[in-house]
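*Asks:* Each chain, written out:
There are 4 protein chains.
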Amino acid sequence: MSAAADTPMTRGEVGDWWATGVTRIAPGEIELRGYPVQDLIGRATFVDTVWLMLRGEFPDPARSRLLEAALMAAVDHGPQAPSIAAARMAATCGVGLNNAVATGVNLLGDVHGGAGQQCMELLADLRARHDEGAALDDAAGAIVAEHRGQGRYVPGFGHRFHPRDPRRDPLLDLVEKAVAEGVVEGRSLEAALALEAALARGRTRPVPMNIDAATAVIYAELGFAPELGRGLFVLSRSVGILAHAWEERQSGARIKGPLPRSVLAGYTGPASRTLP
Amino acid sequence: MSAAADTPMTRGEVGDWWATGVTRIAPGEIELRGYPVQDLIGRATFVDTVWLMLRGEFPDPARSRLLEAALMAAVDHGPQAPSIAAARMAATCGVGLNNAVATGVNLLGDVHGGAGQQCMELLADLRARHDEGAALDDAAGAIVAEHRGQGRYVPGFGHRFHPRDPRRDPLLDLVEKAVAEGVVEGRSLEAALALEAALARGRTRPVPMNIDAATAVIYAELGFAPELGRGLFVLSRSVGILAHAWEERQSGARIKGPLPRSVLAGYTGPASRTLP
Amino acid sequence: MSAAADTPMTRGEVGDWWATGVTRIAPGEIELRGYPVQDLIGRATFVDTVWLMLRGEFPDPARSRLLEAALMAAVDHGPQAPSIAAARMAATCGVGLNNAVATGVNLLGDVHGGAGQQCMELLADLRARHDEGAALDDAAGAIVAEHRGQGRYVPGFGHRFHPRDPRRDPLLDLVEKAVAEGVVEGRSLEAALALEAALARGRTRPVPMNIDAATAVIYAELGFAPELGRGLFVLSRSVGILAHAWEERQSGARIKGPLPRSVLAGYTGPASRTLP
Amino acid sequence: MSAAADTPMTRGEVGDWWATGVTRIAPGEIELRGYPVQDLIGRATFVDTVWLMLRGEFPDPARSRLLEAALMAAVDHGPQAPSIAAARMAATCGVGLNNAVATGVNLLGDVHGGAGQQCMELLADLRARHDEGAALDDAAGAIVAEHRGQGRYVPGFGHRFHPRDPRRDPLLDLVEKAVAEGVVEGRSLEAALALEAALARGRTRPVPMNIDAATAVIYAELGFAPELGRGLFVLSRSVGILAHAWEERQSGARIKGPLPRSVLAGYTGPASRTLP
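Going down the list, the protein sequences come from chains Z, B, L and S. This note's numbering applies: residue 5 is where the first sequence begins, and numbers increase by one. This note's numbering applies: residue 5 is where the second sequence begins, and numbers increase by one. This note's numbering applies: residue 5 is where the third sequence begins, and numbers increase by one. This note's numbering applies: residue 5 is where the fourth sequence begins, and numbers increase by one.
So here's chain Z without its partners, still in its complex pose (with noise of 0.2 Å):
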């Protein structure tokens, strides 16, 4: 009763559907990228493996640093972000603890985990603005103007609760440091400062960069691609998640909902009615 042809195939073209250049295994070898694994057991640090795995090789040490501090700097912003209240309210539904940081991961949708990878689409986007010959004020002005035209957010500015971000600060002074040492070119960090400073102008009230936008400097003076701006932010926040995951798992609440059971959700619906 097989639907399957009985052609003969080789086990290497059936292989070839799932073939990889990330990892290569065998009876008793492992190969990260071609470095055999226990090589680097001991040797290669986690934040280097990272970027070992997503870029086919490793970082320098300057570099390295860099995506460190972006990596530690995004790890929680407490439980009222919604990825963060979904693991801990899984954490509480009888499901494993990965199970509860799979919940959290995939609220980092395009809104809630997606503004690092949109803004280092709009510093490419005013690099390339730039390299066309456009001054790099005049095209930062006009990509806020179109922003702005159409009543959108420019992606890792201002923050709905910060006034100003603690995070960005920090995170820039590593960027420029890097800059005067000839580790990265510089031109994002410009490109991301030239918004901040057309977002402010005219208004009393500056805009300035969010975590993402700083964290969006930071990968894309690496090098990185912009998809891979949300990668590194899951991988960063997963530290969160998990923590607070944990936390909830060791209190042992049970079915843990968004409001204490005494307080009921509001009703905006039709009055009870019958079946004809």
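If you're looking for bench data, these hints aren't it; they were derived computationally from the structure. All residues carry an ideal CB built from backbone N, CA and C; glycine is no exception. Take the hints with a grain of salt, since some may be wrong.
[To be verified] Here are some of the chain Z residues that sit facing chain L, going by a computed Cβ distance under 7 Å:
| no. | residue |
| --- | --- |
| 1 | Gly19 |
| 2 | Asp20 |
| 3 | Trp22 |
| 4 | Ala23 |
| 5 | Gly25 |
| 6 | Glu35 |
| 7 | Arg37 |
| 8 | Asp43 |
| 9 | Val267 |
| 10 | Ala269 |
| 11 | Tyr271 |
| 12 | Thr272 |
| 13 | Gly273 |
| 14 | Ser276 |
| 15 | Leu279 |
Given chain Z's structure and the hints, the job is docking chains B, L and S onto it.
*Replies:* Frame of chain Z, contents of chains B, L and S only:
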């Protein structure tokens, strides 16, 4: 550089790794459990098809009606359930509606979605003790005592919110009618009633069956395996999860957390401190 | 140390953050869109309840039958779909059946589960062009030309596996009958047929509607919003996902990967190398 | 129509429902376990921050290095693992990179991701038996006999693919060195070696520790709770999941199933049949 040996194998060998008895496809053909899909469209109901897919054969109409009632009864219990709340939050994070539904379903774990399955296992245990000669009331009393002795809830009985779950009576009425008509045997109903009576003995407040036990009785009478009790609940509650995610999507909210922004989560950790 | 201000607020204020028009609960009461749940059990079908929960009112029987047929038709397409395969693999990894279903649902994204939604948007676009005075065939031809010009598929037409999807004809027959009986208007059916004709013009091989377009026609004729096209597909395909996860669970397999253990994934990365 | 009573409550009461000891935020302030985030950026490593978030305090450098080695060692084992394969498939379905990572993490359940946690529980059990006076070898032999008697694997020992897991030796070398330097006590290492010896006694083929036991030894020596063994593995393997999802994303594949389209899944169900 391929690690896959090039010894020939047949497509059948590889296809067998993914062999299934559920659905057969070939170009221009789709058969569900042997039935060409075009013969079923417009003729088989959705609930009959659920049964077919899970059990391999279609149910008779009377059994199908019982399954339909159980699936219908459990579609929703409002946004205070963590599964619903998490799906609503997901819907504001810039992920697809499918990701929001998956988020809710992911939370229907042992504690939040598993009581029906556990109750089905308990009913099977009680029926087995009865088969081995114990009086039903004695065996039910023993099971209740065992749970109380271990400080455990009897799954499917009592509700942290409803003194009496409004879904209990109409569901059990349907089962009683089906027993009277010879549609189902009634042994799982008897077992559940015996547990309910045992829980009430010597107490001033009854601990009546909730939706989990009422649907567990139906699924058990219909011959579903206990683990499918969880599976059927997932299908049922997916309706509520989708309805709530959709309502939230239409609201246009962005990054909805568990609390309004004006209310801060409390903090129980160490006071502000500095690195040495 | 609490960061939450101690200014009083009402429970209503907090409850309003989670207010909903879908379901109202109070001790001993559950109302779905205003209907006490006990009035619906044994009277409302599952499919009618899906409609009620998503739309706020019950459908008439003829419309409900159309919805039922569409939900039934799309329950499964076998384990080669990534959603099904991922759910089957999940079922062997020691997670709950709900986590396995969530894994499958999570994969029904824009590309794997979104064609119906995109087709509904296309039908709405075509109807709008028609309303603005364009001949239907001309407007359909223009849309096809636009897609071809951008190298894009027309969502809902053609199938990478079936020369003619066996679900197309019986679903469209039901719509035609419903149009003849005045149950639905038929404008989305006309639009879809016009697109099908436009795709065939000047080609030797037709590109007939697949399941996504056929169900998109039904959902559009019934007045569902395009995004709910995805939502309804999720409910429908959840049946197949559950059936496959359950079949895999019963097999007792552990940590099932995509390939039998004897077949190794190919490797395309760098040759073995050492740290400096 | 609000179901929420209008008795006043304080914001603190509601905030307490979400109270946490992990992170405190206030406008312009973010503190992780009491440390202002701006003091940590550029100074705390990512791995130290993982420790801080999970344990509440920073580790000393020697302990941090052990944690780093364990996290680094388990980042990937190739696309034949269901977690990796599912994430790769997800990446072709039109969902966000975060959803693809969540899909992979969701599969790291009791069977696929839980062996480390179970091994940590076993090591704790063996240490406890030793504390109660049993000779370590006797107690290890008893545990092995218990598992064999129940037909169960001893979690963390043996590998279905590697005769000897290449990650075992370098990880245990690091632990031995740390014991020699007084960094950790060495009791979990002794326990694991006793189990390995007990598994080998009277057998011709050894059953050496795999990555799960080797990392379990480290996490146990560092004082992590067993369930965090799973949590730390999730953080580690997320790197491989992300790298593979990203590789697949770059391939441009759409709706990648487990088999090439030319190979059909086998079918084991009933022959074609018709409705009566």
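*Asks:* Which hints, by number, does the structure contradict?
*Replies:* When the structure is compared with the hints, none of them turns out to be violated.
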